[in-house]
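Number of protein chains: 2
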Amino acid sequence: MKAIIIGFGFIGKRLIEVLNQKISLLKRIDRSFKVIGVSDSRGYIFNPDGLDLKVLSKISGTHEYSRYFHEGSSLDLIEEGDADIMVEATPTNIKDGEPGLTYIRRALSIGMDVVTANKGPLVVAFRELKRLAESRGCHLRFEGAVAGAMPIFSLINECLQGDKIIKISGILNGTTNFILSKMHFEGSTFEMALKEAQERGITEKDPSYDVDGIDAACKVVILANALMDRDVRFEDVERVGIRGISPEAINLAKRANYTIKLIGVIDRNLEVAPKLVPLNHPLCVHGTLNALHIETDLAKELTIIGYGAGKETVSAIMNDIISVMKGRLAGQSSLTQS
Amino acid sequence: MKAIIIGFGFIGKRLIEVLNQKISLLKRIDRSFKVIGVSDSRGYIFNPDGLDLKVLSKISGTHEYSRYFHEGSSLDLIEEGDADIMVEATPTNIKDGEPGLTYIRRALSIGMDVVTANKGPLVVAFRELKRLAESRGCHLRFEGAVAGAMPIFSLINECLQGDKIIKISGILNGTTNFILSKMHFEGSTFEMALKEAQERGITEKDPSYDVDGIDAACKVVILANALMDRDVRFEDVERVGIRGISPEAINLAKRANYTIKLIGVIDRNLEVAPKLVPLNHPLCVHGTLNALHIETDLAKELTIIGYGAGKETVSAIMNDIISVMKGRLAGQSSLTQS
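Respectively, the protein sequence lines represent chains Z and P. Reminder that position 276 of the first sequence reads as 276 in our numbering, one-by-one numbering, no gaps. Reminder that position 12 of the second sequence reads as 12 in our numbering, one-by-one numbering, no gaps.
I should point out that these hints are in silico values taken from the structure, not numbers from a laboratory. Careful, some of the hints might be misleading.
Since the list can't tell identical chains apart, any single copy or any two copies may satisfy a pair.
As the list claims (entries may be wrong) - Computed list of lysine to aspartate or glutamate pairs in EDC-like fashion (alpha-carbon distance at most 20 Å, straight line): (1) K167 <-> E71; (2) K195 <-> D30; (3) K311 <-> E295; (4) K311 <-> E134; (5) K167 <-> E98; (6) K54 <-> E196; (7) K300 <-> E17; (8) K27 <-> E248; (9) K54 <-> E191; (10) K2 <-> D96; (11) K58 <-> D206; (12) K326 <-> E134; (13) K27 <-> E191; (14) K22 <-> D229; (15) K22 <-> E295.
All chains, please: the whole structure from these sequences, using the hints.
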């Protein structure tokens, strides 16, 4: 299997490190596995015989791998590369999904399997991309796009195949969980806790994305469309952020053995809002952890807790890549993740 | 796919109810799916054209379905039935694994796929059964055998395929968690809490099985052998139960923002023992819930929480059955769960 990686930022670089480290695991599944191309904003590197992952994992931009460097766009690499799978790891843009959306459309339309960790294209065009993948007989997987390293799509699609999903709810944004945990345990004000989150580099440049629930709402949209067979958009999510949460409110909750968490809910309604959560509830986790509570007809309740962002996300991307490899080998008939 | 069900107790009956309820889901995967035989201690019912699941879900013993009833043993059904898959749901026996062990051996040796929710055979003969399944090209799945509805084997095998598992630890027995939760929240003594658990019917007949950590140790053995490539036996688990936990000990823990839980640990050592767990740790769940904390190289930490026993276990059995159906259809090469 020949892979190309579009995007050579934090996630792309970490992925290459891990691919290098785990190459024998991958080769045991498919001896022909190789990375033939990587692109970033400067251009792309391409070698149809496979790039050296050790070299790749030591450079910080494509131009540094001068032997195979080409000035050109990611689209050039997608179209000329003749790869089997594209891993798309460009920056998230929830307005129009670009540039990832164009790359995913192009890759699927020429029959390439796609793994993405990018919410943008999925928030904007989930249904379109799913149909495109189905019509081309391609895999489209996106475990890393929601809740980072927490395997929510594969958990439901591979581990709960007999269950009907009734409701999904939980903490879908680590930054707001960090802020609310600070307020709960240290009595900080919202402003103080936000400042600490910014100093630690765990907020987006525009804090509104986290604290106004925009990021969590994007995840609600993707979960609803991918797991509950809905066809909803960002505008369909009722959304309240955490700017209005005062130390007094947290204190009142605490005295009654509750705390306040920003919770995303997917059932008939779609919602992101601060909610009272009992301190003893499985969802009540702190710091930057994410947590999802899944209600089903058979298993009744399952909760999964993990890291929703950061380099741990590569766990989800690796699982998607391996699933695609195995799926190609088995010639599976069920191709998309949802 | 033709299925037989060995054992028509609590789990067997609940499974048949669910198969009846979800028959259209199963037929969408494999139009030929049918249950052709069910056995219990009185005999078995068998119809090569398929039994009526509606009728089956209303009877309480095989003899009540007189049209297809045969006096004979489960082994007779396994050998004469010509089924593709056997679901084994006989009572657990951790001493010698019988009668389930004989049934599983026989089914695998004649090329039948096996799904079991029975710890006994796996504790006694995991390695043997795994090798037998591999040598016969059969699926052997056992998601329901450990932590009931919590999908631990499929979670690790399908959702964390790129991760190396470093350590697994957690609450593997709902009865002891119920007792310790009572002691924590209500200040009960061990004896009072045990009595309440017995009155509610959530202990085994012999409470030693739960409170001395025997049940949890069996699960540690299966997790170690199935997920960490070990070859260990029950005797290899260091085991301390919860009889010695006093209200004073719980109180001391509580004052320091901890509680005491009976924790199973699988890393280099295998252990079941009461441990201090911080009240804010994801593993710190109460009541009859089970919880497993998985440490890996990529995802770092994942916790999964759910019901470890009871009718919810059928979620795990259904997932195993569907995985076997899809695996047969795809002719997958990777056949056993571990």
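Comparing the hints with the structure gives:
Neither within a single protomer nor between protomers do K167 and E71 lie at most 20 Å apart by alpha-carbon distance, with minima of 48 Å and 46 Å respectively. For a Cα distance limit of 20 Å, the shortest separation of K195 from D30 qualifies neither inside one copy, at 47 Å, nor across copies, at 56 Å. In this homomeric assembly, K311 and E295 come within 20 Å of each other (Cα to Cα) only across copies, at 15 Å, whereas the closest approach inside a single copy is 29 Å. Within a single copy, K311 and E134 get their C-alpha atoms no closer than 30 Å, and across copies no closer than 36 Å, so neither meets the 20 Å cut-off.
Within a single copy, K167 and E98 get their C-alpha atoms no closer than 30 Å, and across copies no closer than 40 Å, so neither meets the 20 Å cut-off. In this homomeric assembly, K54 and E196 never come within 20 Å of each other (Cα to Cα): the closest approach is 37 Å inside a single copy and 61 Å across copies. Within a single copy, K300 and E17 get their C-alpha atoms only as close as 39 Å, which misses the 20 Å cut-off; across copies the closest is 16 Å, which meets it. When the C-alpha separation of K27 and E248 is checked against a cutoff of 20 Å, the pair qualifies neither within a copy, at 56 Å, nor between copies, at 56 Å.
In this assembly of identical chains, the alpha carbons of K54 and E191 never lie at most 20 Å apart, being 44 Å within a copy and 61 Å across copies at closest. Within a single copy, K2 and D96 get their C-alpha atoms no closer than 29 Å, and across copies no closer than 49 Å, so neither meets the 20 Å cut-off. Neither within a single protomer nor between protomers do K58 and D206 lie at most 20 Å apart by alpha-carbon distance, with minima of 31 Å and 60 Å respectively. In the homo-oligomer, the alpha carbons of K326 and E134 lie at most 20 Å apart both inside one protomer (18 Å) and across protomers (18 Å), since each shortest distance falls under that limit.
Taking the shortest alpha-carbon separations for K27 and E191, neither the intra-copy value of 50 Å nor the inter-copy value of 56 Å comes in at or below 20 Å. For the identical chains of this complex, K22 and D229 are inter-copy neighbours only, at 18 Å across copies versus 35 Å inside a copy, given an alpha-carbon limit of 20 Å. When the C-alpha separation of K22 and E295 is checked against a cutoff of 20 Å, the pair qualifies only between copies, where the shortest distance is 17 Å, while the shortest distance within a copy is 35 Å.
Comparing the model with each numbered hint stated earlier shows that hints 1, 2, 4, 5, 6, 8, 9, 10, 11 and 13 do not hold.
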